[in-house]
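All chains, please: the whole structure from these sequences, using the hints.
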Amino acid sequence: MAESPTKVPRWRKILVPYLYLLPFMALFLAFRVIPLFYGLELSLTNARLGRTSSQFVGLGNFTRLPDDKRFVLSLVNTFTFALEATAPVLGVPLLLAVLLNRGMALKNLMRSFFFFPYTLSAATLGLIWAWLFDPLVGPLNYYLKLIGITPPNWLGNPVSAMPSVVLTTVWWVTGFYLVLFLAALQDVPVHLYEAAAIDGASAWQSFWRITLPLLQRTFLFVLVIHLIGAFQVFAHIHVLTQGGPADATRPIVQHIYETAFLNRFELGSAAAMSWVLFLIIVAFSVLQFRFLRER
Amino acid sequence: MQSIPSPKAVRRSDLVSATIRRALHWLSNTLLFLFSLLWLAPAVWALVTSFKVPENLFQPVPKWIPWPMTMMHYAEVFRSTRGTSIGTALVNSAIVSLSSIVLVLAVSAAAAYPLARMQFPGRNLVFACLVGSLMVPGIISVVPLYLVMHRLHWLNSYQALILPDAASAFGVFMLRQFFLSLPIELEDAARIDGANSWQILTQVLLPLSQPALVALAIFTFQGAWNDYAWPLIVMTKQRMMTLPIALAYLRFDYTSAFYGKIMAGAVVSAIPLLILFIVANRRIVEGVQFSGLKG
Numbered sequence: 000m001a002e003s004p005t006k007v008p009r010w011r012k013i014l015v016p017y018l019y020l021l022p023f024m025a026l027f028l029a030f031r032v033i034p035l036f037y038g039l040e041l042s043l044t045n046a047r048l049g050r051t052s053s054q055f056v057g058l059g060n061f062t063r064l065p066d067d068k069r070f071v072l073s074l075v076n077t078f079t080f081a082l083e084a085t086a087p088v089l090g091v092p093l094l095l096a097v098l099l100n101r102g103m104a105l106k107n108l109m110r111s112f113f114f115f116p117y118t119l120s121a122a123t124l125g126l127i128w129a130w131l132f133d134p135l136v137g138p139l140n141y142y143l144k145l146i147g148i149t150p151p152n153w154l155g156n157p158v159s160a161m162p163s164v165v166l167t168t169v170w171w172v173t174g175f176y177l178v179l180f181l182a183a184l185q186d187v188p189v190h191l192y193e194a195a196a197i198d199g200a201s202a203w204q205s206f207w208r209i210t211l212p213l214l215q216r217t218f219l220f221v222l223v224i225h226l227i228g229a230f231q232v233f234a235h236i237h238v239l240t241q242g243g244p245a246d247a248t249r250p251i252v253q254h255i256y257e258t259a260f261l262n263r264f265e266l267g268s269a270a271a272m273s274w275v276l277f278l279i280i281v282a283f284s285v286l287q288f289r290f291l292r293e294r
Numbered sequence: 000m001q002s003i004p005s006p007k008a009v010r011r012s013d014l015v016s017a018t019i020r021r022a023l024h025w026l027s028n029t030l031l032f033l034f035s036l037l038w039l040a041p042a043v044w045a046l047v048t049s050f051k052v053p054e055n056l057f058q059p060v061p062k063w064i065p066w067p068m069t070m071m072h073y074a075e076v077f078r079s080t081r082g083t084s085i086g087t088a089l090v091n092s093a094i095v096s097l098s099s100i101v102l103v104l105a106v107s108a109a110a111a112y113p114l115a116r117m118q119f120p121g122r123n124l125v126f127a128c129l130v131g132s133l134m135v136p137g138i139i140s141v142v143p144l145y146l147v148m149h150r151l152h153w154l155n156s157y158q159a160l161i162l163p164d165a166a167s168a169f170g171v172f173m174l175r176q177f178f179l180s181l182p183i184e185l186e187d188a189a190r191i192d193g194a195n196s197w198q199i200l201t202q203v204l205l206p207l208s209q210p211a212l213v214a215l216a217i218f219t220f221q222g223a224w225n226d227y228a229w230p231l232i233v234m235t236k237q238r239m240m241t242l243p244i245a246l247a248y249l250r251f252d253y254t255s256a257f258y259g260k261i262m263a264g265a266v267v268s269a270i271p272l273l274i275l276f277i278v279a280n281r282r283i284v285e286g287v288q289f290s291g292l293k294g
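So the protein lines, in turn, are chains V and P. Note that numbering that gives the first Met the number 0 gives residue 68 to position 69 of the first sequence, counting from 1, and the numbers run on in steps of one. Note that numbering that gives the first Met the number 0 gives residue 100 to position 101 of the second sequence, counting from 1, and the numbers run on in steps of one.
None of these hints come from the bench; they were simulated from the model. Remember, it's a predicted structure, so these values are computed and weren't measured experimentally. Ideal Cβ placement from N, Cα and C applies to all residues, glycine included. The hints are all genuine.
For each label pair, taking beta carbons as the anchor points, the in silico distance ranges come out as:
| hint | chain 1 | residue 1 | chain 2 | residue 2 | range |
| --- | --- | --- | --- | --- | --- |
| 1 | V | L94 | P | I191 | 52 to 60 Å |
| 2 | V | G102 | P | R150 | 54 to 62 Å |
| 3 | P | L97 | V | R9 | 37 to 45 Å |
| 4 | V | P65 | P | T69 | 48 to 56 Å |
| 5 | P | Q202 | V | L105 | 36 to 44 Å |
Mimicking EDC-like on lysine to aspartate or glutamate, the simulated pairs with C-alpha atoms at most 20 Å apart in a straight line are:
| hint | chain 1 | residue 1 | chain 2 | residue 2 |
| --- | --- | --- | --- | --- |
| 6 | P | K62 | V | D133 |
| 7 | V | K12 | P | D187 |
| 8 | V | K12 | P | E186 |
Which residues of chain P face chain V? A few of them, derived with a C-beta cut under 8 Å, are:
| hint | residue |
| --- | --- |
| 9 | W38 |
| 10 | A45 |
| 11 | P61 |
| 12 | S132 |
| 13 | V141 |
| 14 | P163 |
| 15 | N225 |
| 16 | Y227 |
| 17 | R250 |
| 18 | N280 |
Written out as structure tokens, the structure is:
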């Protein structure tokens, strides 16, 4: 901090910074902090949409959650999505990043191609893939039949619906993680590979002994981002399947949304579910924060 | 027991293996390039479909050239026929996204400045709250925030979408980090010349921060333009819907006979970010690398 040439009164030294902070702090308080505590209060009441009064019900909303079959199913679906998506969502970008990092011509162009889907909205993504998956007239089924594969009923079958959702997710987010992995790979000193090559290491050995250990931190970090995002998955699934068929792809956020605003209008109950989800995510966020501090 | 190969034999086998390796390298690069083109195929298919005349929408063999070509789906998308008019939604999305950019940049820059450059009591506390809030997922406050908007009579209003996003902890964090990376000497010189803090922020810091401001503007635009869950909840009247919501309703309301129109809508919604992506590719990639820190 530079010394100011003129003497500034102490009250101004305090007031001026807070004047700059004021717009942000006002918005932050009104739309982030207050709703957070308001939500906690709501979760302890039987508040309903369209009813002005509500009573304190203690932890009733929380203790009743296990009886809500659709809540439990949505929670299971969310975990299923997070788990099923983990390997492809991390593996595909990692593989592509390693391949692209071998000093290829057109590397930046190809990175752009892979990144492009990430710029699409969940709605656009859903519309495009619903069309590709169309069992009657979609092109995907045509090409699969061409190479002798009997196509699944994609979004139409409770068994294949979630894997289909995962497939669209991989297409959507690969570019994002690819950019992160590529950045990390570029930080790996080239002389390590050169030294390994001189010692007679194969490309495969270099990958396992040099690349992966040095990518470990990025890899764990990306895993945490992925999981935090996966627990909040909603938008593209909503456009693709609206949670169907037979609730097979219905995530927890959709259950919260419908409980509050579509079916039951039980705001207290929905607020309680939000807090349960929040606590699950916090567990993973704490991990993320620890990685950040280690950097 | 393996015999020791003569020097000549070594050289020849080295030569052969080098050739094989180069051929393999070339082959895998070509395959990778083809794969990156294939990665774009779903988006290209959407584009092609949007130009097809209705009789050609459903052909037994997928046709990748939309001939004869028509603009009728685009015309239909912008005309209010049944359901939501995409034209209105486009205007709504533009208003919300552009206002968000202006507000987020102004509010974030003002708040980041004292956090980066001033000493004042409470600074560390404010910064800790800010970083802490980065870990609080938005879902936790959706239900209470809806009630806040309800009390303010702001449901189905632009500010319901714009103002909550304006308190961007990520924006403040990003700009603060960027300000810290700038040399302080210029500001000292300006202060000696008699500039006040406002002049230093607007005439010294902000012009130097263009890369960070552009990246933040792009991310804000992407977030607002593509947002799904929150607009779905607060924008229930058709004339107030944003583009992703209007597109989702196209999918919910129409059968496969309308794929031309639906794909035209998807293309329209993808174009602004596609243009941004082509123009500011490097900024976006650098920004994503930075946002990897945010998660």
